[in-house]
Amino acid sequence: MSEGIGASVQRKEDKKFLTGKGRYTDDINRAGQVYAHFVRSDIAHANIKSINTKVAAEASGVVAVYTGEDIDVGGPICGWVVPNRDGSATHEPPHPLLAKGKVRFVGDAVAVVIAESLQEAKSASELVEVDYDELPAVVNLETASSGAEIHEGMAENRYFDWELGDEEATDNALNSASRVVKLTVRNNRLVPNPMEPRSALAEYDELNDSYTLYTTSQSPHLTRLVLAAFMFQIPESKIRVVAPDVGGGFGAKIYVYVEEAVCTWASKKIKRPIKWTADRTQAFLTDAHGRDHINNIQLALDSNNKITGLRVDTLANLGGYLSAFAVAVPTYLHGTLLSGLYDIPAIYTNVKGYATTTTPVDAYRGAGRPEATYLLERVMDQAAREVGMDQAEFRRLNFIPKDAFPYQTAVALQYDIGDYEPALDKAMEMIDYKNFENRRSEASKRGKYRGIGVSSYIEACGIAPSAVAGALGGRVGGWESASVRVDPTGTITVTTGAHSHGQGHATTFAQIVTERLGVPNSSVELVHGDSDRSPFGMGTYGSRSLAVGGVAISKAIDKIVEKSKKIAAHLMEASADDVEFKDGKFTVAGTDKETAFGDVALAAYVPHNYPLETLEPGLEETAFYDPMNFTYPAGTHIAEVEVDPATGVVEIVDWAACDDFGNLINPMIVEGQVHGGIAQGIGQALLENAHYDENGQLLTASYMDYCMPRADDLPSFKVGYTNTPCTHNDLGVKGCGEAGAIASPPALINAIINALSPLGVTDMSMPATPQKVWKAIQDSQSVAAE
Amino acid sequence: MGEISLNINGKVEKHDVGDNTLLVDFIRENAGLTGTHVGCDTSQCGACVVHIDGVSVKACTMLAAQAQGSEITTIEGIGTSDALHPMQEAFKENHGLQCGFCTPGMVMSAIELVSKNKNASEKDIRDGLEGNICRCTGYHNIVKSVKAGAEKMGG
Ligand code: FES
Ligand code: FES
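Line order of the protein sequences matches chains A and B. For the record, in the first sequence the residue sitting at position 721 is 1232 according to the working numbering, with numbers rising by one throughout. For the record, in the second sequence the residue sitting at position 56 is 310 according to the working numbering, with numbers rising by one throughout.
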């Protein structure tokens, strides 16, 4: 069986995970290690009057106690900013490693206790006395602007007020529309919840005055950069960051958090390795949350039901501090996607990002694109209902036609390629859309309301073209690096700055090498997750690892092939121009001469017969790839549900997903990514919600209260594909990691509304809990009775 | 502190630990078997599932001392990378894992589920795995794996 591109190769990494030999951060221990436990604020908003650590410091086993006053290095930084409408800059208030003078959310770290055992650290932290002067909590996004001041001098608690698009043209479209469809939706706040809690193990080496940090990170190089250059202000070479196996991330493990920075800083103070691992409650309180937007939408239609304009005014809750990419999520990862896969001549959006006294909010699987898709697909359905068109046909009517690519949207992006109708058609076929009404009436005989919901989505992946990111406020590049080293025996080591946290890079990346160099999969070793062992890279997020990192590998292989041809030409006494390389063999056109890749590799390292005058020995190449454009995966998901009017319980009875991810390297892994994404989207739409009370207490801070999708909540999924290969990268790939989470919430909510539409229900908010659904049914019946 | 002696994967592990040491901590920290994971603090996630006398148990819910005299099997005890347990093999063949963090607990729960119900239907499997959370896979391929594992185990 082929092990190259397009084959569902079984994963190389599975054996270790299946036998308990995975090596996650918390599995690592160092001699002499001590344990850190953080004292956290249990109040959402307060001035700190005093902190008394004396008793704690003398408690059994305690090695050290530190507060914000002890820390002499900077805190987390903001990696992306945007200009305000008035031309001023995003407000970037400081985020100290340990609170200084004030706490801004429940869970804000106030002090750290380091002790010989975790138990001693925990016990002693109870002895730290913090005297607070409580301030009013700011929880409600809609009224955040009039709440108590959270950051000194930041007016109306507003981090930024940004706009994109042509306001005048959009308002003209709305004013001259034959119909304006209006809708307000809320994108509920979520907690990412990778199953492995965050963890850090920091060690200081006195001899070299350097640090090693093992940490649960999606982007170890960025962690090193931020720690060294921005927080500690020491040479980057003095910090090594290792992210071993990472147990899921979904965005939450992109950023540098205060805990790993404090452990690293303190490891020099006490000259002992320090370990910290979050328990689940701490994860709920301190992992950056996701979503939490309110969108006011106005869609203009002409008399032919074609969209002529779209205006979206968004409020985004960003929490007590500005997390690294918090600003990018509701702006450049959201506002730019508002055209969806529709031909919309005029779009305008205004986004206001607010501070509240809640956990910081940042990227969670999809990051901005699920919010854009949700609001758009909800208003598309609303519009179809209002004009009396079938939901699928209304979408089809407004799709960007396939001959319109490259397509310049009204919100900055240029889609290189796409063809949206085939995916819609295929999804409809997969779910047997045309016979749905029969199923609806059959269900109604059983006393159930059956509904079908469509969601057509687009996303921008392969984050990001550096020039574009830079022009839009990004402070990092969007490229990726790769090195391909051919060993003398012909085995191959690939290093990359991308870092797998479940995506199977060791397998997928090896498939690219296998395809290109003809070596077996088992001869390819991937090195990643260690800043000392791989070239600087950007990490894994935004469905970028293949579309950027994979292409970097392909480019490094190009260089290997080019050099190998020269070596082979020498060995075969031919001209390099005549040498062809295929299936691991070099041949000379028009002759029967051939030489194997392995012979070339050996010659490169044992250069006895080698063109040393013109060519260096060795066979190792590095490539840095910066994409020309984003990639644009797109597709249609259709959900079918049955609602039980007696209980309000929504059962998902069928799910069809048809995605265009461009070329697939490993369809088995792609399908797994789709499943996982859909599950998270269903979680958002039906089950999950991070709920704060009016005092800023997170009421859903454990698995008892935060409803994670479990096996019995979900169906099996039908997954299909169409393919328009990406036009601007060598592999023709687009990325698949986030699509499921982007497409699925509106499909499900639209299906529920569709099920209840015979009752006159036109709205449903996420999560659609049984109580909410039941109440919607009751309310509709009481309206009907009046 | 007191000495606790446990039989884990057929090997005796004797360590001096606090009386309130949880079984999962004894397994991870004292016996050094880090395949058993900790994913929550409310006994909800199943990352810590081991077998005690053949029955799957969340190792975060019991004290190490309570397991004295029992036979404990962890993920390290059911197969090796050269000779995977049929359930481990099924997970590999059906892409039943992504980040791998939930996987040990999932496999241990699946083995018990299948040994109790050889012909488990999709619904039985989904109900039976209700105590194990996976954030990555959406369960689709886990269910597929467990079905395949059941067949391999002679269901
Ligand atoms: S760690 Fe035992 S159930 Fe979560
Ligand atoms: S594979 Fe990652 S949590 Fe299940």
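None of these hints come from the bench; they were simulated from the model. Accuracy of the hints is not assured; some may be wrong.
[Stated by the list, open to error] Here are the simulated lysine-lysine pairs, DSBU-like style, with alpha carbons at most 35 Å apart:
1) B:Lys398 <-> A:Lys1229
2) A:Lys956 <-> B:Lys377
3) A:Lys523 <-> B:Lys377
4) B:Lys265 <-> A:Lys527
5) B:Lys377 <-> A:Lys1286
6) A:Lys945 <-> B:Lys370
7) A:Lys1076 <-> A:Lys1093
8) A:Lys1283 <-> B:Lys406
9) A:Lys937 <-> A:Lys956
10) B:Lys377 <-> A:Lys527
11) A:Lys956 <-> B:Lys346
12) A:Lys1104 <-> A:Lys1076
13) B:Lys398 <-> A:Lys527
14) A:Lys1074 <-> B:Lys398
15) A:Lys1076 <-> A:Lys1096
16) B:Lys268 <-> A:Lys1229
17) A:Lys782 <-> A:Lys633
18) B:Lys398 <-> A:Lys532
19) B:Lys346 <-> A:Lys532
20) A:Lys532 <-> B:Lys372
21) A:Lys782 <-> B:Lys406
22) A:Lys937 <-> B:Lys370
Bear in mind the structure is a predicted one, so any value in this text is a computation, not a measurement.
Verification of the supplied hints:
| no. | hint | in the structure |
| --- | --- | --- |
| 1 | B:Lys398 <-> A:Lys1229 | holds, 13 Å |
| 2 | A:Lys956 <-> B:Lys377 | holds, 24 Å |
| 3 | A:Lys523 <-> B:Lys377 | holds, 30 Å |
| 4 | B:Lys265 <-> A:Lys527 | holds, 21 Å |
| 5 | B:Lys377 <-> A:Lys1286 | holds, 28 Å |
| 6 | A:Lys945 <-> B:Lys370 | violated, 42 Å |
| 7 | A:Lys1076 <-> A:Lys1093 | holds, 11 Å |
| 8 | A:Lys1283 <-> B:Lys406 | violated, 44 Å |
| 9 | A:Lys937 <-> A:Lys956 | holds, 29 Å |
| 10 | B:Lys377 <-> A:Lys527 | holds, 29 Å |
| 11 | A:Lys956 <-> B:Lys346 | violated, 43 Å |
| 12 | A:Lys1104 <-> A:Lys1076 | holds, 13 Å |
| 13 | B:Lys398 <-> A:Lys527 | holds, 20 Å |
| 14 | A:Lys1074 <-> B:Lys398 | violated, 45 Å |
| 15 | A:Lys1076 <-> A:Lys1096 | holds, 10 Å |
| 16 | B:Lys268 <-> A:Lys1229 | violated, 50 Å |
| 17 | A:Lys782 <-> A:Lys633 | holds, 21 Å |
| 18 | B:Lys398 <-> A:Lys532 | holds, 23 Å |
| 19 | B:Lys346 <-> A:Lys532 | holds, 14 Å |
| 20 | A:Lys532 <-> B:Lys372 | holds, 28 Å |
| 21 | A:Lys782 <-> B:Lys406 | violated, 52 Å |
| 22 | A:Lys937 <-> B:Lys370 | violated, 40 Å |
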